[in-house]
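Chemist: The lines below spell out each chain.
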Amino acid sequence: DAGITQSPRHKVTETGTPVTLRCHQTENHRYMYWYRQDPGHGLRLIHYSYGVKDTDKGEVSDGYSVSRSKTEDFLLTLESATSSQTSVYFCATDEGTDTQYFGPGTRLTVL
Amino acid sequence: KNEVEQSPQNLTAQEGEFITINCSYSVGISALHWLQQHPGGGIVSLFMLSSGKKKHGRLIATINIQEKHSSLHITASHPRDSAVYICAVSSRDDKIIFGKGTRLHILP
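Protein chains in written order, with our numbering: chain A, 1 to 111; chain B, 1 to 108.
Treat the hints as calculated values from the structure; they're not laboratory data.
For each residue, glycine too, the CB sits at the ideal point set by N, CA and C.
Treat the hints with care, as some may be off.
Per the computed footprint, the stretches of chain A lying under chain B, defined by three or more beta-carbons under 8 angstroms from a beta-carbon of chain B, are [unchecked claim]:
#	region
1	39 to 48
2	80 to 87
Lysine-lysine pairs mimicking DSS-like chemistry, simulated, CA-CA at most 27 angstroms apart [to be verified]:
#	chain 1	residue 1	chain 2	residue 2
3	B	LYS95	B	LYS68
4	B	LYS95	A	LYS70
5	B	LYS53	B	LYS68
6	A	LYS70	A	LYS57
7	A	LYS53	B	LYS95
8	B	LYS95	A	LYS57
9	B	LYS54	A	LYS57
10	A	LYS11	A	LYS70
11	B	LYS68	A	LYS11
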């Protein structure tokens, strides 16, 4: 257990509102990732970070932005939420050994 | 075609049965991962392998690099093994690609 927490764990919001999800880790892992999980799809990478202030886009980055101002925190922001962003969001970390440790997930519903 | 394919998609078995879940991939990889997602949603890494075979308790993972195929076996299955098992590969261009998962249900 890499000490990864996500907040909030559940959120319901309305279309057009901004939403920020937080991932916090206590293991000092360099790499952090945001994924979304939807029925009929495998986990899909949204954005990832390879260090403080170093981030890059993943496979499904449109409509999302991220920030990493501290090693332990990786924020995912939906600037203007849409119903297609209803999903379960997972954060993961990696200490560079290629094994990822996952957070508990955040269930986001956009009405 | 998905780059990582798992079979079966769903599997129901009786307690005690030997379980096999398969994963085929179409890209060059540096490693293959097996993950377990519990009914509550949490995801844990079970194995990472790049060749041969690994064993942990009742779980065994094998990989055949030439055939681009991996299997996850569970011996003496138990209802607590009920979960979604996910295969993922680390591709040579540093992407991680996930399969859609196999939902396993072990009946008591």
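Chemist: Does the structure break any of the earlier hints, and which numbers would those be?
Modeler: 2, 9 and 11
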